[in-house]
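If you read the protein sequences in the order shown, they are chains F and X.
Under my numbering, think of the first position of the first sequence as 21, with each following residue one higher.
Under my numbering, think of the first position of the second sequence as 223, with each following residue one higher.
One should not assume that every hint holds.
Claimed, not checked - In silico DSSO-like pairs for lysine-lysine, Cα to Cα no more than 30 Å straight-line:
#1 X:K239 with X:K291
#2 X:K240 with X:K287
#3 X:K293 with X:K279
#4 X:K279 with F:K93
#5 F:K93 with F:K36
#6 F:K23 with X:K239
#7 X:K293 with X:K240
#8 X:K279 with F:K23
#9 X:K239 with X:K287
Hints are computed from structural coordinates only; laboratory data are not their basis.
All values derive from a computational prediction rather than experimental measurement.
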Amino acid sequence: AQKITQTQPGMFVQEKEAVTLDCTYDTSDPSYGLFWYKQPSSGEMIFLIYQGSYDQQNATEGRYSLNFQKARKSANLVISASQLGDSAMYFCAMRGETGANNLFFGTGTRLTVIP
Amino acid sequence: EAQVTQNPRYLITVTGKKLTVTCSQNMNHEYMSWYRQDPGLGLRQIYYSMNVEVTDKGDVPEGYKVSRKEKRNFPLILESPSPNQTSLYFCASSSNIYSNQPQHFGDGTRLSIL
């Protein structure tokens, strides 16, 4: 069975600083995908970044990067140079086992950027 | 503009009164899904559809029905809503669940069942 764990219910970061949001996962499938989504206070779900289990390099998208440590089963999101607009809920999610069609979500981390 | 459209965005109703939340996507995606979001629980999948006339249960299907008669539409039906179905609902679509393509989410529907 798959499981996603986000152990930080809330995080604070100073504007312009970097912040790491933790995500660990559990799966027995050798092939899987990991996603991060941002949910601002307006409620919509915004895709940020993707990491495939066979990708050799850590994924990056602008100020977002994914610190993928396969042996530790962790996929932490790093946001560099935080901005006030980064204040939001962040969800880590994992695509299910090969042949399954579910996207398993963690419980989320609420990030607050302090001016 | 590529998008997933849900209606209504907000609804307050009473126990037992049937309701339908519509979902439409304009990206010709094969895969569509419904999630509910509850505080402290993240998003949980209700139902999904791999293509027209192909639907299957997710993790929390009890009390819900879906249909997929057309590729673009995937309505969520609550035949007899109850207060424990008060939640924020999201419809999502993607071209291929096996690829690295992310699911595109609608803006959400906030349901309150009194």
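Here's how the hints hold up against the structure:
no., hint, in the structure
1, X:K239 with X:K291, "23 Å, holds"
2, X:K240 with X:K287, "11 Å, holds"
3, X:K293 with X:K279, "18 Å, holds"
4, X:K279 with F:K93, "28 Å, holds"
5, F:K93 with F:K36, "28 Å, holds"
6, F:K23 with X:K239, "35 Å, violated"
7, X:K293 with X:K240, "24 Å, holds"
8, X:K279 with F:K23, "18 Å, holds"
9, X:K239 with X:K287, "14 Å, holds"
The structure fails to meet hint 6 from the earlier list, while all remaining hints are met.
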